[in-house]
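K.L.:
Chains as they are written, first to last, in my numbering: chain A, 1 to 109; chain B, 1001 to 1117.
Be aware that one or more of the hints could be misleading.
Below are the PhoX-like pairs computed for lysine-lysine, each with C-alpha atoms no more than 25 Å apart in a straight line [stated by the list, open to error]:
1. B/Lys1042 with A/Lys2
2. B/Lys1042 with B/Lys1057
3. A/Lys67 with B/Lys1042
4. A/Lys42 with B/Lys1057
5. A/Lys42 with B/Lys1078
6. B/Lys1083 with B/Lys1042
7. B/Lys1083 with A/Lys42
8. A/Lys42 with B/Lys1042
9. B/Lys1057 with B/Lys1096
Pulled from the structure, derived: some chain A residues nowhere near chain B, Cβ distances all over 10 Å [claimed, not checked]:
10. Gly43
11. Pro44
12. Gln80
13. Pro109
By construction, these hints were calculated from the structure, which means they are not laboratory data.
Note that the Cβ used here is the ideal one computed from N, Cα and C, for glycine as well.
For reference, the chains in residue letters:
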Amino acid sequence: QKEVEQDPGPLSVPEGAIVSLNCTYSNSAFQYFMWYRQYSRKGPELLMYTYSSGNKEDGRFTAQVDKSSKYISLFIRDSQPSDSATYLCAIMGFQKLVFGTGTRLLVSP
Amino acid sequence: EPEVTQTPSHQVTQMGQEVILRCVPISNHLYFYWYRQILGQKVEFLVSFYNNEISEKSEIFDDQFSVERPDGSNFTLKIRSTKLEDSAMYFCASSKTGNQYSNQPQHFGDGTRLSIL
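Using the sequences and the hints given, assemble the complete structure.
P.N.:
Below, the structure written as structure tokens:
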């Protein structure tokens, strides 16, 4: 079983739509969960990080963690064409991040 | 906002040659990392470095790889005798703290694209 699983997409939505991106993970010991955004030929850019279960909101972005089902989500409200990128979930293990494959998001005007 | 910087942005090297990738982490960070991303694949952890020594490494980080913090600002990844399969994006990252009980996330540079011919 993979440590972190993520649907690679692509996910295509019209501008203004609500986007839901998801990951599952296997190790219940994980405590910190991150979402990174990666534009083509750029490094991962930290968007959100959360500790344990619950929600965290930052502007149009909401990160949600459900430790009981080992499921993490990122919601993007009022999506914009500039949100088109690959979104990586990452789990904080000991001394390292374990990444999902990334979901490619395309927001059309 | 402080950022991680990496040089060069693109490195082309003949197979069998040695290559050094350079990184300047964020100045008040204490933990440093290297990751790689082969085209079309996920970002993979290579090594973490703290207090001038390796704290964890992956199976990928074999004897051909080494890391060093030669001075107070730079953090380098050396690959000896490069192979075709070493072609990838290499990302440097840094964080204030570095374990699963901490809430200080890792910040990444824009990477060095390494092409082995």
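K.L.:
Hint by hint, note whether the structure agrees.
P.N.:
Here's how the hints hold up against the structure:
1. B/Lys1042 with A/Lys2: holds (12 Å)
2. B/Lys1042 with B/Lys1057: holds (17 Å)
3. A/Lys67 with B/Lys1042: holds (23 Å)
4. A/Lys42 with B/Lys1057: holds (24 Å)
5. A/Lys42 with B/Lys1078: With Cα atoms ~21 Å apart, A/Lys42 and B/Lys1078 stay inside 25 Å; holds.
6. B/Lys1083 with B/Lys1042: Holds, at roughly 20 Å.
7. B/Lys1083 with A/Lys42: holds (24 Å)
8. A/Lys42 with B/Lys1042: holds (14 Å)
9. B/Lys1057 with B/Lys1096: Roughly 19 Å separates the two Cα atoms, so the pair holds.
10. Gly43: Check fails; 4 Å does not lie beyond 10 Å.
11. Pro44: It is violated; A/Pro44 is separated from chain B by about 5 Å at its closest Cβ, not greater than 10 Å.
12. Gln80: Consistent with the label, A/Gln80 stays out of reach of chain B, its closest Cβ about 21 Å off (over 10 Å).
13. Pro109: holds (26 Å)
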